[in-house]
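S.K.: Letter by letter, the chains look like this.
4 protein chains.
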Amino acid sequence: MTERQIETLTEGEFAGWSREVNREGFNGLVGAYYYQADDIANMKVAFKAGKEHLNGGGTVHGGCLLTLADTSMFIFSLPHLNDGGAVTVQLDAQFLSPGHEGDIIVATGEVTRAGKTLIYVRGQLTCGERLILSYSGVMARKAARPSGDG
Amino acid sequence: MTERQIETLTEGEFAGWSREVNREGFNGLVGAYYYQADDIANMKVAFKAGKEHLNGGGTVHGGCLLTLADTSMFIFSLPHLNDGGAVTVQLDAQFLSPGHEGDIIVATGEVTRAGKTLIYVRGQLTCGERLILSYSGVMARKAARPSGDG
Amino acid sequence: MTERQIETLTEGEFAGWSREVNREGFNGLVGAYYYQADDIANMKVAFKAGKEHLNGGGTVHGGCLLTLADTSMFIFSLPHLNDGGAVTVQLDAQFLSPGHEGDIIVATGEVTRAGKTLIYVRGQLTCGERLILSYSGVMARKAARPSGDG
Amino acid sequence: MTERQIETLTEGEFAGWSREVNREGFNGLVGAYYYQADDIANMKVAFKAGKEHLNGGGTVHGGCLLTLADTSMFIFSLPHLNDGGAVTVQLDAQFLSPGHEGDIIVATGEVTRAGKTLIYVRGQLTCGERLILSYSGVMARKAARPSGDG
Numbered sequence: 001m002t003e004r005q006i007e008t009l010t011e012g013e014f015a016g017w018s019r020e021v022n023r024e025g026f027n028g029l030v031g032a033y034y035y036q037a038d039d040i041a042n043m044k045v046a047f048k049a050g051k052e053h054l055n056g057g058g059t060v061h062g063g064c065l066l067t068l069a070d071t072s073m074f075i076f077s078l079p080h081l082n083d084g085g086a087v088t089v090q091l092d093a094q095f096l097s098p099g100h101e102g103d104i105i106v107a108t109g110e111v112t113r114a115g116k117t118l119i120y121v122r123g124q125l126t127c128g129e130r131l132i133l134s135y136s137g138v139m140a141r142k143a144a145r146p147s148g149d150g
Numbered sequence: 001m002t003e004r005q006i007e008t009l010t011e012g013e014f015a016g017w018s019r020e021v022n023r024e025g026f027n028g029l030v031g032a033y034y035y036q037a038d039d040i041a042n043m044k045v046a047f048k049a050g051k052e053h054l055n056g057g058g059t060v061h062g063g064c065l066l067t068l069a070d071t072s073m074f075i076f077s078l079p080h081l082n083d084g085g086a087v088t089v090q091l092d093a094q095f096l097s098p099g100h101e102g103d104i105i106v107a108t109g110e111v112t113r114a115g116k117t118l119i120y121v122r123g124q125l126t127c128g129e130r131l132i133l134s135y136s137g138v139m140a141r142k143a144a145r146p147s148g149d150g
Numbered sequence: 001m002t003e004r005q006i007e008t009l010t011e012g013e014f015a016g017w018s019r020e021v022n023r024e025g026f027n028g029l030v031g032a033y034y035y036q037a038d039d040i041a042n043m044k045v046a047f048k049a050g051k052e053h054l055n056g057g058g059t060v061h062g063g064c065l066l067t068l069a070d071t072s073m074f075i076f077s078l079p080h081l082n083d084g085g086a087v088t089v090q091l092d093a094q095f096l097s098p099g100h101e102g103d104i105i106v107a108t109g110e111v112t113r114a115g116k117t118l119i120y121v122r123g124q125l126t127c128g129e130r131l132i133l134s135y136s137g138v139m140a141r142k143a144a145r146p147s148g149d150g
Numbered sequence: 001m002t003e004r005q006i007e008t009l010t011e012g013e014f015a016g017w018s019r020e021v022n023r024e025g026f027n028g029l030v031g032a033y034y035y036q037a038d039d040i041a042n043m044k045v046a047f048k049a050g051k052e053h054l055n056g057g058g059t060v061h062g063g064c065l066l067t068l069a070d071t072s073m074f075i076f077s078l079p080h081l082n083d084g085g086a087v088t089v090q091l092d093a094q095f096l097s098p099g100h101e102g103d104i105i106v107a108t109g110e111v112t113r114a115g116k117t118l119i120y121v122r123g124q125l126t127c128g129e130r131l132i133l134s135y136s137g138v139m140a141r142k143a144a145r146p147s148g149d150g
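Residue numbers (our numbering), protein chains in the order written: chain A, 1 to 150; chain B, 1 to 150; chain C, 1 to 150; chain D, 1 to 150.
Isolated chain A (complex conformation) (with noise of 0.2 Å):
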């Protein structure tokens, strides 16, 4: 992995969140992700949804709400890695209403268990006050795998 450089906008609709700027792989096909947090143990990870995020019935698309909640487990398992990495072992999610394009859409959620081997998330996805995706999943500490055994 290069290294990251990060941005924080300064006007716009995202004024306030940061970003990558040179993003590469998945979340820079998927993405801009956008992150902001009051603190560390509280990130946010947002996207604004456009027209190459949706599926043929015109909402967007599962797999790309699903890459936002797989994304945002890793975020907010961050500060209990200790610069150590993680994988996600199993996710689960429950699909409430449809994301559209224009739509910000918003993760926010929390490590509810954070333990020598495993580490176990859940959030939601929202758009201002509107659920539209609620998930959990249990994340493995890479050191835990060394040859990337489950």
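Calculated directly from the structure, the hints in this document are not laboratory data.
Do not rely on the hints blindly, as some may be mistaken.
Pairs involving identical chains hold if they fit within one copy or between any two copies, as the list cannot separate such chains.
With a cut-off of at most 25 Å between alpha-carbon atoms, the simulated SDA-like pairs for lysine to any residue come out as follows [said to hold, decoys possible]:
1. 48 x 24
2. 116 x 142
3. 116 x 84
4. 51 x 78
5. 116 x 80
6. 116 x 7
7. 51 x 111
8. 116 x 130
9. 116 x 18
10. 116 x 15
11. 48 x 84
12. 142 x 14
13. 51 x 29
14. 44 x 56
15. 116 x 16
16. 142 x 97
17. 51 x 37
18. 116 x 58
19. 142 x 111
20. 142 x 85
21. 116 x 24
22. 142 x 108
Starting from the known structure of chain A, fit chains B, C and D onto it as the hints suggest.
M.R.: Chains B, C and D in isolation, oriented as in the chain A frame:
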């Protein structure tokens, strides 16, 4: 949704598979997705993992795998939809082993129950013999919730 | 279902909680379950773990925790059912810490969406401040599947 | 855990199945559970639904089905445990059709991955040809969390 145009490839590693000519929306962004079926009740959906599908750790992003899983649930449901649509109600997944750049990842699965309102699906993503993701979920026929009501 | 008779306890560790006088079926076998609410939209369901609730490892059996979770999803849904019934479509749970003999385990939660067909719920089991189980699920109104159709 | 004593039935509807002679704890309360295997990697767990397993709606309680599912995940994992224990980390389930009084409900399944720390399982509950519950989950080897640490 605009008219979908399908072409079947005759050479290359996806010879014998079909894909949409003008891909739009999230599947166009994330794909290309390739489709193949011995028969309509036995569809397979595949894609080849590239650099743009990776996470910061250098393996295929969980959201990318979940996007294929979610897309496949819809594809597996098609024979039961009778020209109606369906939306994902719920999806859960276990991550069994990482996907790598260059992997051809294939979704296979089955409808375990097609009811009047709900369709139940389960499946797996594999690369060759290797299991990558195990997933299951529930879809709701669109007629059953005419106003996006869950 | 026979008429249910409710009594409210005035002493003991469940003082202020209510329970059914003649419990039948699985909740009678597994319980007693105790119910309490500040208001109808904020129900709690509790039981005290005894020797008969343990697994071979000496902690509360996962199935016992899941039974409370499943029961609570129905209880949380009650204010939205208008005298109709509901059945569980899907449930997922994360086991955060073990329950022990003597623990009073309490289910709290919320309806995240009550639609025409489906009701979405999430909750947690706790013992004091300790999180034991985090769960979410989807229920279907009974009228929506008159012949047990999913 | 006390010594377990097993007997194999030679008559009745569970002829050829085995059960514990003195059942204790939650499986003793909820069961009897019956076990059968063509080979050790292909275990089946079954029980017969009685009046005491029903919910208020007159079908088998979701918690009763989930108890069988959770128990079976441990049984399916046994060939991989090498005398160590395992605890459930996560379980998700879809309810496909109701169980009825008198049904013999059978759990079958497979370990999809047995890693150093985690064991992944999926299975289904059936009554004859009818699918009742589809489930999957993750178990953690006990050595991997010596102090109940998740």
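S.K.: Hints the structure violates: just list their numbers, smallest first.
M.R.: Of the numbered hints given earlier, those the structure breaks are 6, 7, 9, 10, 11, 12, 15, 17, 21, listed in rising order.
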